[in-house]
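If you count by our numbering, then the sequence shown holds residues 37 to 366, one letter each, in order.
No lab work stands behind these hints: they were computed from the structure.
None of the values given here were measured: they were computed from a predicted structure.
There could be a bad hint or two in this list.
[As the list claims (entries may be wrong)] EDC-like mimics (lysine to aspartate or glutamate), calculated; alpha carbons at most 20 Å apart, straight line:
hint : residue 1 : residue 2
1    : K155      : E122
2    : K196      : E170
3    : K255      : E188
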Amino acid sequence: MNTNKKLQVVTITLNPALDLTGSLDSLSAGSVNLVKTGSLHPAGKGVNVAKVLADLGADVTVTGFLGRDNEALFCQHFKEMGAQDEFIRIDGATRINVKLVEDDGRVSDINFPGISVSKEAIEQFESRLFTLAETHEFFVLAGSLATGISPELCASWIEKLHQMGKKVFFDSSRAALKAGVNSHPWLIKPNDDELSELVGSPLESLQEFQQVAENLSEKGIENVVISLGSKGVMWLGKNNQNNQNNQNNAEWIYSQPPKMNVVSTVGAGDTLVAGLCWGQMQTNWSRTQILSFATALSALAVSQVGVGVTNIEDVTALQQQVTLNVPANA
Numbered sequence: 037m038n039t040n041k042k043l044q045v046v047t048i049t050l051n052p053a054l055d056l057t058g059s060l061d062s063l064s065a066g067s068v069n070l071v072k073t074g075s076l077h078p079a080g081k082g083v084n085v086a087k088v089l090a091d092l093g094a095d096v097t098v099t100g101f102l103g104r105d106n107e108a109l110f111c112q113h114f115k116e117m118g119a120q121d122e123f124i125r126i127d128g129a130t131r132i133n134v135k136l137v138e139d140d141g142r143v144s145d146i147n148f149p150g151i152s153v154s155k156e157a158i159e160q161f162e163s164r165l166f167t168l169a170e171t172h173e174f175f176v177l178a179g180s181l182a183t184g185i186s187p188e189l190c191a192s193w194i195e196k197l198h199q200m201g202k203k204v205f206f207d208s209s210r211a212a213l214k215a216g217v218n219s220h221p222w223l224i225k226p227n228d229d230e231l232s233e234l235v236g237s238p239l240e241s242l243q244e245f246q247q248v249a250e251n252l253s254e255k256g257i258e259n260v261v262i263s264l265g266s267k268g269v270m271w272l273g274k275n276n277q278n279n280q281n282n283q284n285n286a287e288w289i290y291s292q293p294p295k296m297n298v299v300s301t302v303g304a305g306d307t308l309v310a311g312l313c314w315g316q317m318q319t320n321w322s323r324t325q326i327l328s329f330a331t332a333l334s335a336l337a338v339s340q341v342g343v344g345v346t347n348i349e350d351v352t353a354l355q356q357q358v359t360l361n362v363p364a365n366a
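Model the full assembly from the supplied sequences, consistent with the hints where possible.
Written out as structure tokens, the structure reads:
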């Protein structure tokens, strides 16, 4: 475990899952499908982010809610990654989600709602979260909300962490994202579909994405990162070196990943969030360094099965192939 306080991070997974993943030639709806290989492993967006950050060398604490009935795989996973387990245990079993990966890289997700969280468990979680906030600066809140946790409640946690001066990386969707963008997260990372859903209309052009992101920035979100899959990443963020040219002190930078042989897109967005967080935890990385690293990390993720970083040299090599479009002084 890394004892450098600057590399400490808390990941929050309010609705984790065991992912039952199967690979098959192609999925035929309404008929029997034969799976070639399968696996059952701990997941949830925050858990995935934690795995990548731990592989990179961060000192990771994980928290959220876990069902007591099937916690063993999670406990083993956290032990193997060297993470401090601060999950609140609740009655019942953590949900099992199904992911079907076809040979062409297409993924079909069947996500279940998860178990209900009681008021008592929520109070326990709040106490634990804000105790952790006394000693940590970076928080990643990622994924869907468990039954019993309203979008407004989740947003209130983000707002309180913001008021405590913490950097909250927030990656969610639907009602949780809609409430959360008003609670001053430090960074959000919607993809194109999630951003379109947030505004209630399809977004297609670069200019449309830019306008929505700039509106979100005006709400007090310091960093708006938009994931466009193979088309790259857009990042509207603060640049302290250019106060005179932009009164809002926010500038765009863009990245284009190298073309990859896509094996699976599962966890690619979570890996991007982990890369952005890791880059921000470094004291001397520029925004361009952070974005090129995070883009390369995410590109590597789609070329492999499973979430994690097995060889940092592969990331470094891909980073050299990332194309950046950067305005002056970014």
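Numbered hints the structure breaks, given as an ascending list: none
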